[in-house]
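So you can see what is in the structure, the chains are spelled out below.
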Amino acid sequence: MMPVLNFGIHHQVFIPAVPPDWPGGFWWHWLFFTVVIIAFVLTMVMGAIYIERRGMGRMQSRLGPNRTGPFGLLQPVADAIKVLLKENIVPVKADKLVHWLAPVVAFAPALMLFAVIPFQDGALLADLNIGILYIVAISSVSTVGIFMAGWASSNKYSLLGAMRNVAAIVSYEMPLVLAIVGVVLIAGSLSLNRIVIAQDIPFILLQPLGFFLFFAAGCAEINRSPFDLMEADSEIVAGFHTEYSGMKFAMFYLVEYAEAIAIAAIITTLFLGGWRGPLLPPWLWFVTKVMAVFFTMVWTRTTLPRIRIDQLMALAWKFLLPLAVINLIITAIQVLASWPDTLPWTLVMIIVNFTILAVLVLLWSKFFFRLGWGRIEV
Amino acid sequence: MALKTEPFVLNMGPVHPSTHGVFRMRTTLDGEVVVDIEPIFGYLHRGVEKLAEQRTYTGIIPLTDRLDYISSMNNNLAYCLAVEKLAGIKVPERAEYLRVIMAELQRIAAFLIAVGAFLNDCGAFFTPFMYMFREREKIVDLLEMVSGQRLTYNYIRVGGVSQDIPEEFLPALRTFVAQMPGFIDEYDRLLMQNEILLARAKGVGILTREQAINCAASGPVLRASGVKWDIRQADPYSIYDRFEFDIPTGTVGDCYDRYRVRVAEMRQSLRIIQQAMTQLPPGPVKAAVPHLIRPPVGEAYAHLEAPKGELGFYLVSDNSIAPYRCHIRPPSLINLTALRDMVRGWKVADLIVIFGSIDITVGEIDR
Amino acid sequence: MKFERYGIGIVKGLMVTIMHLLRHPTVSQYPEQRLNTSRRIRGNEFIWDQVKCTGCGTCTKACPQGAIEIVTSTSQEENKYTVDKYQIDTGYCIQCGLCVEACPYEALYLGYAYECAKYQRGELVQTKEMMLESPLRKASGYFSPKRAAKLPKQTLLLERITEKK
Amino acid sequence: MTAVLSGKEIARQLTEKFPESIIESGQDYLVVKNESLLAVAAFLKDTPELNFDYLNFITAVDYYHYFEVVYRLSSLEHNHSLVLKTHCADREDPTLPSVTGLWQGADFQEREIYDLMGINFEGHPNMKRIFLWEGFAGHPMRKDFR
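Which chain is which? The protein sequence lines are A, B, C and D, in order. Under the numbering used here, the final residue of the first sequence carries the number 369; numbering is consecutive throughout. Under the numbering used here, the final residue of the second sequence carries the number 353; numbering is consecutive throughout. Under the numbering used here, the final residue of the third sequence carries the number 166; numbering is consecutive throughout. Under the numbering used here, the final residue of the fourth sequence carries the number 542; numbering is consecutive throughout.
Note that these hints are calculated values from the structure, not bench results. Owing to the predicted nature of the structure, the values given are computational and were not obtained by experimental measurement. Everything hinted at is true.
In the DMTMM-like style, the derived pairs of lysine to aspartate or glutamate whose C-alpha atoms are separated by at most 25 Å in a straight line are:
(1) A:LYS77 to A:ASP224
(2) D:LYS524 to B:ASP327
(3) B:LYS214 to D:GLU445
(4) C:LYS62 to C:ASP85
Okay, the calculated bits of chain A under chain B, using three or more residues with CB under 8 Å as the criterion:
(5) 44 to 56
(6) 219 to 233
(7) 286 to 300
Cβ atoms here follow ideal geometry from the backbone N, Cα and C, with glycine treated the same way.
The shape of chain A in the complex, shown without the other chains (with noise of 0.2 Å):
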């Protein structure tokens, strides 16, 4: 049974990973959801460019790019091409082959996370019993991208963007998982598809504070900002990817993008009930929340100022680790206590997880929570 056109019927059933019996086997699913996928990226990144900027723009008080089509909407377009054309500098001290490899290793994982989101049921490329674990075992690739072009470009600016980005993604990895884990707990499967189906209310009803954890430690993971050390452009001009231009630079805008496209409909699928959705078609519902995760994040991006980098060590080690570990303690009693799935007593569950959560950050930012000190003695 092929699930490219059976949505919605085999996930009562578990599905063997058994070739199927038409000619070509997986690879005609492989084939199309590749396609699919990158297509999907692509669009979404530039609807996620139009966006950002004319969202911002118009949050800013002035209108945003409006010249290029219809109300600007070929700005990416004219943007890509744009950089296409520009002459690609690479710096003479600079490690020609990492320089020219990185885009390329921090772009292929973007991609690959698409793997497992499920744009409709079943509609996936895998549907790997063990989605979450994958998504969580790619993300952090691109890291090693990014890495590599901030070593290659000799460029100290590059060094200190890719340092920072390193040590950024190795302390939120932490929460970020933690914060899934209750999710996992709550649906009862690793299974990104099914964790959709298990949600008959959304997530971020019963998870408030795995919502809140999930999105700070996904925006510093993506670095938006208020977490966007590693391309500061005030502090260190434009981070890891100041040697770059042209088509190389244009894969790290796009794997920007494709990232935050990748933590929005993480989020989506996680917390805020995927494809599920009354009236309109389920692709579209996924689209439209993915899009509005993501103005959150511009949102965010525009009006909140940087944090410093110990600041961000210090909220991901003294902030959102020990509630993410609470969070989970939390969800496993509720779980164990397995309440009754009626409505008012769903009703109180949302209630208590809501009060917990405004419990807990209050509590923890007013007595337990500390910057420390910003000064060494030098």
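With chain A fixed as given, assemble chains B, C and D onto it according to the hints.
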């Protein structure tokens, strides 16, 4: 700190997004920590002081526009005060009031840029900058209306101002003064209590009271360190003794205090404009001053409270049509004296924030 | 227990930015939408009045940049100079307006136009034939209230934006 | 209003303490010998009733046969000011003691004077050109600079 690391040198600038012009800092970093910095100037050196020795007294006014190019009116005023002191020229009443209005409008505009750029350095992605520029645009509109230029106003003359304000100026100014406090409140809401900004700016880059005085810091930098010293009240020039206003001061002398002092000063400037607007008398706007001024032999120092600090002109006359020596006391340059002590031990990110909170204009540093 | 610092500031800031989505943008679309400049704009053209100019050269002395060149010869009939050559290098000009201010006969004005970029430096030199007033080359109202009154009113951002507050 | 202290008044106090240090004194200025500059400056800064803790600016004026270096001092506490001057006759290698030890604010200004006027300040921690590049010939603010 058992890990032994090797410091490296990073040249920040002259082309860098947040060095506010062509300014260069030769920083020695140990990882992210700033071990040492050496500011390097001179990329915008135009020899204004030497040029001034070859120009007529009136011809220097356009030059002063180009010192601190975001507060041209204050520069014009400082220079004209010095020449008036040197030549003993009395300025008509109306001109004095117009000067005060223009100088205060310019001060608000300059502080808007200072605060916007500071918040931008903190990493707020251009949003405060854009909002501040929107307000500055309104001021620039007003100043364009009276002077005909948007940046280098060249409006204040020796013995008054170049021409009277047009009749549509006062109503527009009234609207502006009525609107502006609302906008300042909005900026306060935007970032004043933001936790991230507090974490980034509070306690960062502390300049103690003693050191601020010893380093001859002036303006908001000095006041943020808790020194109640504003030349408008300490040594009133023009007609500032007729207005009521407070001097906002900080307590700690960190970046956040400097930011807060600037925002508070905008409100005080609005108060001054409001008073000046209501008291504005009719009359001539320029004293009878010859085209080529020949002040008697002597010297004069006139200083005023520019947005950056104490801006002074030290003029020596030899009774010719050009000054024998024209020295400019640049507040931006002197405020930077303490930069090294302020940033040592902080991170690179703090270096940018501290530097942004001092608020310099390279046109004035290098002259 | 004060809750001032625990997220309230961030939420306030987020509210300010999101509210701006509902406001008018403050920008103008330049080539299509032109705002009126100040009536006293010091544009980068010069308008020279052939009749009023006596060739006294005050403007040359007043110019801090030395951008004005004037060559005169004494005329036999009238008690006045004839201006043989009068040219301003707007490449040197800094639009300070001191020449206009200095002119005792109101013979020199700054232009109202501001789009006078040229491709070559030589084209920036304005000779006396080029500087005559014409409907295409309007004079600005700088130091001339009479002319200023005829020019269109300046667009102010203050009035153009209809935001609340 | 900042009170301008009479140079003559200060000169009287100074001659008691440092005899033969004053060259000339006027209504609002005071010219001291350059060898006693540091002592006078320290006295002006540290005497409680004078307390000149704020150095407004330093500049130098070239009078062809000598350089005049001008220090304008203020007291933020008492709100008074004084112009202190000193002369430097040597044109080839003019040297003055640096006041950076007393007022750190003199740092960049002394470097500026060294750069543009060519007056060497002894005791300055980092005496090198500030605006012009190393290796620039001459000092442009001198009147005979071509």
